[in-house]
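S.K.: These two chains come separately, so use the hints to put the complex back together.
Listed in order, the protein sequences are those of chains A and B. Take the position in the first sequence, starting the count at 1, then add 127; the result is the number in this note's numbering. Going by this note's numbering, the residue at position 178 of the second sequence is 158; the numbering climbs one at a time, nothing skipped.
What the hints contain is simulated information worked out from the structure, not anything from laboratory work. Treat each hint with caution, since some may be false.
[Stated by the list, open to error] Mimicking DSBU-like on lysine-lysine, the simulated pairs with C-alpha atoms at most 30 angstroms apart in a straight line are:
no.	chain 1	residue 1	chain 2	residue 2
1	A	Lys370	A	Lys342
2	B	Lys130	A	Lys316
3	A	Lys230	A	Lys158
4	A	Lys370	A	Lys230
5	B	Lys180	A	Lys302
6	A	Lys443	A	Lys230
7	A	Lys158	A	Lys370
8	A	Lys245	A	Lys230
9	A	Lys230	A	Lys291
10	A	Lys291	A	Lys145
11	A	Lys370	B	Lys243
12	B	Lys130	A	Lys202
13	A	Lys302	A	Lys370
14	A	Lys291	A	Lys302
15	B	Lys112	B	Lys180
16	B	Lys243	A	Lys202
17	A	Lys443	B	Lys130
18	A	Lys202	A	Lys370
19	A	Lys243	A	Lys291
20	A	Lys358	A	Lys342
21	A	Lys145	A	Lys202
22	B	Lys130	A	Lys302
23	A	Lys145	A	Lys158
24	A	Lys358	A	Lys302
25	A	Lys202	B	Lys118
26	A	Lys230	A	Lys243
27	A	Lys230	B	Lys130
[What the hints assert, rightly or not] Listing some non-contacts, in silico: residues in chain B with all C-beta distances to chain A over 12 angstroms:
no.	residue
28	Ala58
29	Asp76
30	Ala97
31	Ala99
32	Leu131
33	Pro173
34	Pro174
35	Ser192
36	Gln196
37	Val197
38	Gln204
39	Val213
40	Arg218
Note that the Cβ used here is the ideal one computed from N, Cα and C, for glycine as well.
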Amino acid sequence: MTVQRYEEAYDDPHYEEKLAEFEARIARGEKIEPDDWMPPEYRRQLIRLIQQHANSELIGALPEGTWIPYAPTFKRKMALVAKVQDEVGHAQLLYRAAETLGKPREQMVEELLNGKSKWSNVFAYPAETWADVAIIAWLIDAAAIINQTIMATGSYAPYCRALKRIIYEESFHIKHGYEMIVTMVSGTKRQRDMVQEALNRWWEPIMMFFGPPDKLSVHTRTLQRWGVKPKTNDEQRQEFLSKYVPQIWELGLEIPDPNLRYDENLGRWVYTEPDWDIFFRVINGDGPMSKERIAVRRLAYEEGRWVREALESLAKRVLTQPEPTGIVA
Amino acid sequence: MLELTPEIRAALIEYLYGLADDELLVGHRASEWTGLAPILEADVALSSIAQDEMGHALVFYRLLEELGEGDPDDLAFARDAPDFRNAIFSELPRGDWAFTVVRQYLHDVAEQVRLEALADSAYEPLAQAARKILVEEKYHLIHDRSWVAKLGPATEESHQRMQAALDRAFPHALGLFEPTELEPVRVEADIAPPEEVLLKRWLDEVVPFLESATLQVPARREEQGWRLLVEPVYGGRRGEHTEYLETLLQAMQLVYRMEPGAKW
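Next comes chain B alone, as it looks inside the complex (with noise of 0.2 angstroms):
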């Protein structure tokens, strides 16, 4: 079994919380388009992919809960942007419903690459989670690749929305795979492998399908692997992050700290 050293259990602490907090904007920014999203169907399978995302952040923040961080809803609810560690991919504004299918796609597969390789995490309920959410992610994917393959293609606008899209989501997306600090001790201990395999993974699976949407892709595979075009966004798991996080903050928020204290 698994010994949470001091450092160890920062280190968890640190990526748990990276986790829960991309999961919580996501779903966030998904449920933005409640009631208004292009078609009714749309609407309705975006809000189930909210309500999800917003599940899977409290499974972690329970993790965080259980190593003594406070309750969920204090993490989620009062706690400043500095002490979020979420990329910075994550708190973008929603977009046209081209940035949220691109957004949606890219974060997917990347929950995906993670969670698979979490299954097998030395912190064992970590593995359980992933194990738990994956099964979710699955429905998750099947409705993000249809938008991307469907929109990708179909008109000259819908293709230069897609295109746009991705241009402005790719390097950000890059930095969910932001090293930290205690990355090494992570990786020493298996509780997570090192984000560099983990951006390879993503890389092999975004690249060829966006391709095959025709859109274009700011990466290249060279004999010695992936060469990217643009540089990543980094910060995010740092605790820097964009006026959209506090702007997104001050509304998420605003109910919840009224009243400290106060339950609703």
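Just chain A, with the same shape it has in the complex (with noise of 0.2 angstroms):
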């Protein structure tokens, strides 16, 4: 419970029976609109998760991106420029809902380009052959498809709208990502040899992109209750696991992890525990890619601001001009 919230809750007589509301709606599996009342923590952690999302589809679009001018025969290349473009999508999506909460997108994408707010793990590595973008297309869209799945049953109505459209769009990416992995491992030598190197990159990553093991984890009970996430870190994970371990082995792949197993006794996966070390480094703007992925889009950011001053001032030009009078049609 944060400082803000007490004070709040003084400051309003009926604080702890609007609460009770708040938490009787929820249960009732009822969602909250943007003009809803909520507790200032619950406004508060949903903008700093649709926030880390949206921040999360825009610096994903750079791993792909770079990958656009190389990407090999009509199909890929389309089919890339499209994911893309999707992903440009929903971080716009995204900063939308997020502004619905009351946060400007201006000031949201100044905070990610000064490094005050996160974005997922995965995106801070880099994607070093054209396997990578297919396992990324796959495995990484995968993983973000249950997490997505599961915070669509949430609460707050703007966002879990959102969730719909790109959980829709994804599941294209996830097919198109399997096919490529697929027309690889069944090529030749050195594209599977491709494929297993890159999935050798990637698993750590992916293990951890669901993040900390709920033991680590804070706020969780009351974010579950409150339908903010709705399912804890090892519950999507384990998810992950049941889901795509066995397709991952079908096609003859190895996961890196010799202790990765299903255990019959714990009805659950269990795999070596992730360096969550690294975990919070990379989050917290040290990943072997985060500068320079933020550079790109400062960079990106800066040579596009003269565009934007310029439909600024036209916008303001509009505002300002006298309204057309005696005008006959």
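M.R.: See below:
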């Protein structure tokens, strides 16, 4: 519970009453709309979450975007442009959803560029070969879709609506990614090796993608009760493993974790615990490509400044023009 | 029905390469903005255009495939620079946002006047392709015209950038209408109109519009027709290209050429 929440609680003599009603609504499965009453902490957590999600879409466009000029075949080239385009579109949708909670897009963009706001760990790694592009499209989008499908059952209506559309589009990305992987693993030895090496590189970042284990994660219970985060990180990770490990094995690929197996007695997957110190370093801006990703975004932002200024100047001109009068059609 | 004599066939093939290669490269250049455009809305819009242009290129490469030239992927991803027949205009680097919207506008108007003429081509597969693509081009032009009309007059900086972009783009854009030796064969067979006719239609459209966007265009309307105040940059339709095409192809063909014969 934050200081802010206590302050607002003191300010509002009916706080506890409203909170109880709010929690009852969520317990009944109702969705919260932007103008509804919500605890300040709920608002704060949601902004943080949606903003990080939006950032991740925008930064996530970069590792794959880098490969657009190199994409082989018409089909791959057009599909990759379409995929990265979708991600930019998702960023746009999500920033808009976060804006409904009262934070302007400009401020969020600035916080991304000055490192104040986080984004997903997986985009802080390089996409070294074309096989990395395929692994990203298949497994990272798969991980994302698991996370988003769960988040879409959450309580904040605008976020749920955005997620619904995002999930629909990302299901095509996974299909495309899987098809790329299948094509390559049934190709030449060099192609198969490329895929295996890419999987080796991406496995740990993907395991980390869902966030630290529940025992290290703060806030989880309140967030779960409020429908901000309907399932825990570990639950999401287990779901991912159940769905995708068998598929990866079926393709004849090896997962670089000798301890990975499904434990019948425990009823869950066991695996080597990722190094969470690395995870925290990465999400705090110290991943192999963290600085470069932000530098690219900042450069794009600076190069586009004159365009945004031009559009703003036109918008102002239109606003200050007197109403046209006496025009006869 | 059009009889494809060896000469007519050669003239047709040469023409289709020009069409396909221009579309491919303009689409490729547009896709270099994906994820990096000045505003998210513009990013999404230009990415759509990039995909459309690549799709158009594919339509023309398929026509070449039907004429025995080979698989479209091989044509795009395994041909060397001297075999490309695009105008040099289409291979110029991405540049800033001003150059991008100016080039896209000049390209799309050229494409529109060309396809409108080709919709009546005696080579029916080409006529059909042209009619199909024209529908999409309408949206491109709405997009391009809106950007040019806005950025031309908006601020001092935007005006200067747009003028500089036009100064660089215009002589190269004229190269889209470069005549080739086989042009008379195509004209005679009613496959395509003379480049000169298309150039005139293009100038009729772009010059007044660019001027209305406060830009100076190096072309003057005189009694006997248009007088150009700059030399067109030719060579592309004969396979003469700049180092920009070499660099572009090195990237574009890198993965495809890694493992000859492999599927991706």
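S.K.: Indicate, hint by hint, whether the structure satisfies it.
M.R.: Status of each hint after checking the structure:
1. Under the criterion of a C-alpha separation no larger than 30 angstroms, the hint pairing Lys370 (chain A) with Lys342 (chain A) is consistent with the structure, at around 24 angstroms.
2. Between Lys130 (chain B) and Lys316 (chain A) the alpha-carbon distance is near 53 angstroms, which puts this suggested pair outside the 30 angstroms criterion.
3. The hinted pair formed by Lys230 (chain A) and Lys158 (chain A) meets the criterion: a straight-line CA distance of about 20 angstroms does not exceed 30 angstroms.
4. For the proposed pair Lys370 (chain A) and Lys230 (chain A), the alpha carbon gap of about 36 angstroms is over 30 angstroms, so the pair is violated.
5. Distance check on the hinted pair: Lys180 (chain B) and Lys302 (chain A) sit about 47 angstroms apart at the alpha-carbon level, beyond 30 angstroms; violated.
6. Proposed proximity of Lys443 (chain A) and Lys230 (chain A) is supported: the alpha carbons are some 22 angstroms apart, at most 30 angstroms.
7. With a C-alpha separation of about 29 angstroms, the suggested pairing of Lys158 (chain A) with Lys370 (chain A) holds against the 30 angstroms cut-off.
8. Of the pairs offered as hints, the one joining Lys245 (chain A) and Lys230 (chain A) holds, with about 16 angstroms between alpha carbons and a cut-off of 30 angstroms not exceeded.
9. This hinted pair checks out: Lys230 (chain A) and Lys291 (chain A) have alpha carbons roughly 22 angstroms apart, not beyond 30 angstroms.
10. At roughly 29 angstroms between alpha-carbon atoms, Lys291 (chain A) and Lys145 (chain A) fall within 30 angstroms of each other, so this suggested pair holds.
11. Between Lys370 (chain A) and Lys243 (chain B), the direct Cα distance comes to roughly 27 angstroms. Compliance with the 30 angstroms bound is thereby established for this hinted pair.
12. Taking the CA atoms of Lys130 (chain B) and Lys202 (chain A), the gap is near 34 angstroms; set against the 30 angstroms cutoff, the hint is violated.
13. For the hint linking Lys302 (chain A) to Lys370 (chain A), the alpha-carbon distance of about 14 angstroms falls within 30 angstroms, and the restraint holds.
14. With a C-alpha separation of about 17 angstroms, the suggested pair Lys291 (chain A) and Lys302 (chain A) falls inside the 30 angstroms cut-off, and the hint holds.
15. Of the pairs offered as hints, the one joining Lys112 (chain B) and Lys180 (chain B) holds, with about 24 angstroms between alpha carbons and a cut-off of 30 angstroms not exceeded.
16. Straight-line distance between C-alpha atoms of Lys243 (chain B) and Lys202 (chain A) comes to about 11 angstroms, which keeps the hinted pair within the 30 angstroms bound.
17. Taken as a hint, the Lys443 (chain A) and Lys130 (chain B) pair is honoured in the structure, with Cα atoms around 13 angstroms apart against an allowance of 30 angstroms.
18. About 27 angstroms separates the Cα atoms of Lys202 (chain A) and Lys370 (chain A), which keeps this hinted pair within 30 angstroms; it holds.
19. Between Lys243 (chain A) and Lys291 (chain A) the CA atoms are separated by roughly 28 angstroms; this keeps the pair inside 30 angstroms, and the hint holds.
20. Taken as a hint, the Lys358 (chain A) and Lys342 (chain A) pair is honoured in the structure, with Cα atoms around 14 angstroms apart against an allowance of 30 angstroms.
21. For the given pair, Lys145 (chain A) sits about 54 angstroms from Lys202 (chain A) by alpha-carbon distance, which is inconsistent with the 30 angstroms threshold.
22. In summary, the hint linking Lys130 (chain B) to Lys302 (chain A) is not supported, as the alpha carbons are separated by about 40 angstroms, beyond the 30 angstroms threshold.
23. A hinted pair counts as satisfied when its Cα atoms are at most 30 angstroms apart, and Lys145 (chain A) with Lys158 (chain A) qualifies at roughly 16 angstroms.
24. For the proposed pair Lys358 (chain A) and Lys302 (chain A), the alpha carbon gap of about 25 angstroms is at most 30 angstroms, so the pair holds.
25. Simply put, Lys202 (chain A) and Lys118 (chain B) have alpha-carbon atoms about 24 angstroms apart, close enough for the 30 angstroms limit, and the pair holds.
26. Distance hint between Lys230 (chain A) and Lys243 (chain A) is fulfilled; the C-alpha atoms sit about 14 angstroms from each other, no more than 30 angstroms.
27. A threshold of 30 angstroms between alpha carbons decides the hint, and for Lys230 (chain A) with Lys130 (chain B) the separation of about 29 angstroms falls inside it, so the pair holds.
28. Distance to chain A contradicts Ala58 (chain B) as a non-interface residue, since its nearest Cβ pair spans about 10 angstroms, not more than 12 angstroms.
29. At roughly 7 angstroms from the closest C-beta of chain A, the C-beta of Asp76 (chain B) falls inside 12 angstroms, breaking its exclusion from the interface.
30. Even its closest Cβ contact with chain A, about 26 angstroms, leaves Ala97 (chain B) beyond 12 angstroms, as expected for a residue assigned away from the interface.
31. The claim that Ala99 (chain B) lies off the interface holds: its Cβ sits roughly 24 angstroms from the closest Cβ of chain A, which is beyond the 12 angstroms cut-off.
32. Against chain A, the non-interface label of Leu131 (chain B) is violated: not every CB pair exceeds 12 angstroms, the least being about 6 angstroms.
33. Distance to chain A confirms Pro173 (chain B) as a non-interface residue, since its nearest Cβ pair spans about 28 angstroms, more than 12 angstroms.
34. For Pro174 (chain B), the requirement that its beta carbon stay farther than 12 angstroms from each beta carbon of chain A is met, with the minimum near 31 angstroms.
35. Remark: the non-interface label on Ser192 (chain B) is consistent with the geometry, its nearest Cβ contact in chain A lying 15 angstroms away (cut-off 12 angstroms).
36. Distance check on Gln196 (chain B): its Cβ is at least 19 angstroms (rounded) from any Cβ of chain A, clearing the 12 angstroms threshold; non-interface status holds.
37. The beta carbon of Val197 (chain B) sits about 20 angstroms from the closest Cβ of chain A, which is more than 12 angstroms, so the claim that it is off the interface holds.
38. Remark: the non-interface label on Gln204 (chain B) is consistent with the geometry, its nearest Cβ contact in chain A lying 38 angstroms away (cut-off 12 angstroms).
39. Separation of Val213 (chain B) from chain A is adequate, the least Cβ-Cβ distance of about 24 angstroms exceeding the 12 angstroms criterion.
40. No beta-carbon of chain A comes within 12 angstroms of the beta-carbon of Arg218 (chain B); the shortest separation is about 26 angstroms.
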